[in-house]
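J.: Using the hints, put the two chains back together into the complex; each one sits in its own frame.
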Amino acid sequence: AQSVSQHNHHVILSEAASLELGCNYSYGGTVNLFWYVQYPGQHLQLLLKYFSGDPLVKGIKGFEAEFIKSKFSFNLRKPSVQWSDTAEYFCAVNAENYGQNFVFGPGTRLSVLP
Amino acid sequence: DGGITQSPKYLFRKEGQNVTLSCEQNLNHDAMYWYRQDPGQGLRLIYYSQIVNDFQKGDIAEGYSVSREKKESFPLTVTSAQKNPTAFYLCASTRTGAGANVLTFGAGSRLTVL
Numbered sequence: 009a010q011s012v013s014q015h016n017h018h019v020i021l022s023e024a025a026s027l028e029l030g031c032n033y034s035y036g037g038t039v040n041l042f043w044y045v046q047y048p049g050q051h052l053q054l055l056l057k058y059f060s061g062d063p064l065v066k067g068i069k070g071f072e073a074e075f076i077k078s079k080f081s082f083n084l085r086k087p088s089v090q091w092s093d094t095a096e097y098f099c100a101v102n103a104e105n106y107g108q109n110f111v112f113g114p115g116t117r118l119s120v121l122p
Numbered sequence: 005d006g007g008i009t010q011s012p013k014y015l016f017r018k019e020g021q022n023v024t025l026s027c028e029q030n031l032n033h034d035a036m037y038w039y040r041q042d043p044g045q046g047l048r049l050i051y052y053s054q055i056v057n058d059f060q061k062g063d064i065a066e067g068y069s070v071s072r073e074k075k076e077s078f079p080l081t082v083t084s085a086q087k088n089p090t091a092f093y094l095c096a097s098t099r100t101g102a103g104a105n106v107l108t109f110g111a112g113s114r115l116t117v118l
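Keeping their order, the protein sequence lines are chains P and W. Position in the first sequence counted from 1, then plus 8, gives you my numbering. Position in the second sequence counted from 1, then plus 4, gives you my numbering.
Just chain W, with the same shape it has in the complex (with noise of 0.2 Å):
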């Protein structure tokens, strides 16, 4: 079945520290977000990407990296500089081109700094 992975589902993180966030998809899909999801704020864009080797940042850049080295992977980094890590992270993908499009999302990682 075709879909979003991403690992790990829950991962604990001391300050300090980087962590990387995994998104695969086997869709074929050209465009892969990142969304932060917090209690009553909804998702907000991080990062997206529409190709590959190049990506935008979203709403809430600041303090988090990705990169695109291949189609089907957008890993998320949070880094020391993101003042407030602790959230639940949304991978998502849709194809790009002619027409409208719908965004599939992975299961999702929530992140824990102690």
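The following block holds chain P by itself, in its conformation from the complex (with noise of 0.2 Å):
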């Protein structure tokens, strides 16, 4: 079965500081990936995602994201971030060969400090 995994919980960062937020799935076959967003009080949005080509994808709000297929990795990163960046962050991937099922990582929370 697939699994993704994020590898902090919470992170904390000052404005200005920058971010890379890891996430790695177990599954081997082709995949689609996707890194969602959900700002306090609102929707899960999707922030940016791969499906092929480039393995850098850029993404809203300046974020960015490396597709590493011999790590089975897709961290997101960001130079500076800002407060307004205050969010939950979600991986996520679809493997192609695993039908419409999308697989969700438990998530990373940021706090940025004003």
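These are computed hints drawn from the structure, not numbers from a lab. It is possible that part of the hints are untrue.
[What the hints assert, rightly or not] Here are the simulated DSSO-like pairs of lysine-lysine, each with C-alpha atoms no more than 30 Å apart in a straight line:
| no. | chain 1 | residue 1 | chain 2 | residue 2 |
| --- | --- | --- | --- | --- |
| 1 | W | K13 | P | K69 |
| 2 | P | K57 | W | K75 |
| 3 | W | K61 | W | K18 |
| 4 | P | K57 | W | K61 |
| 5 | P | K77 | P | K66 |
| 6 | P | K57 | P | K69 |
| 7 | W | K13 | P | K57 |
| 8 | W | K13 | W | K61 |
| 9 | P | K66 | P | K79 |
| 10 | W | K87 | W | K61 |
| 11 | W | K61 | W | K75 |
T.: Have a look at this one:
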């Protein structure tokens, strides 16, 4: 079965610090990868996605993620965080041979101090 | 605007009572999903449906039931058999077919069992 792990449960940063959130998955086949964000009191929304092609993908609000197939990883990065990035971040995987099932990681809560 | 509507937003239930959570989408998506979100556990799949009148159990289906009589609607019933029903429930949908797909989420329903 697929599984997704996220390295940190809670990350606390000051504004302007750089961010990297780790995500690893267990499935060995072709995968589609996602990062979703949940701002306080808001819907889960898509931050960025990787389907194929360039392993470095850019998303909204200055976020990017790099797919490293050999490491089964899809880490999320942002060079300089803002207070408004305070949210919970979820990594998700959809394996093409696993039908329409999307598996989510446990989430990482990011707190950015002003 | 197209989207997913979940109701009610907040729901309180006494032990032993069944409760039904509504999920309606006007995105013309074929596949619909129910996830349960608990702190530190991410999103766990309860049920999903790829087509009308068909649905599959997810990882934590015990104590839940669903129906898919219309493409737009995928209600979830939390039965008295669910041992720990207090949680945040998220409905999602996506198109199916060729190509990779992205989940769109509703705002969620928070169920509290008293």
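J.: Give a verdict on every hint.
T.: Against the structure, the hints come out as follows:
1. W:K13 - P:K69: Given pair K13 (chain W), K69 (chain P) holds - Cα atoms ~28 Å apart, limit 30 Å.
2. P:K57 - W:K75: Between K57 (chain P) and K75 (chain W) the Cα gap is close to 26 Å, so the pair holds against 30 Å.
3. W:K61 - W:K18: holds (25 Å)
4. P:K57 - W:K61: Between K57 (chain P) and K61 (chain W) the Cα gap is close to 26 Å, so the pair holds against 30 Å.
5. P:K77 - P:K66: Given that 30 Å is the threshold and the Cα spacing comes to 17 Å, the pair holds.
6. P:K57 - P:K69: Within the cut-off at roughly 14 Å; holds.
7. W:K13 - P:K57: holds (28 Å)
8. W:K13 - W:K61: holds (24 Å)
9. P:K66 - P:K79: Since the Cα atoms of K66 (chain P) and K79 (chain P) sit roughly 20 Å apart, the hinted pair holds (cutoff 30 Å).
10. W:K87 - W:K61: Given that 30 Å is the threshold and the Cα spacing comes to 17 Å, the pair holds.
11. W:K61 - W:K75: Since the Cα atoms of K61 (chain W) and K75 (chain W) sit roughly 18 Å apart, the hinted pair holds (cutoff 30 Å).
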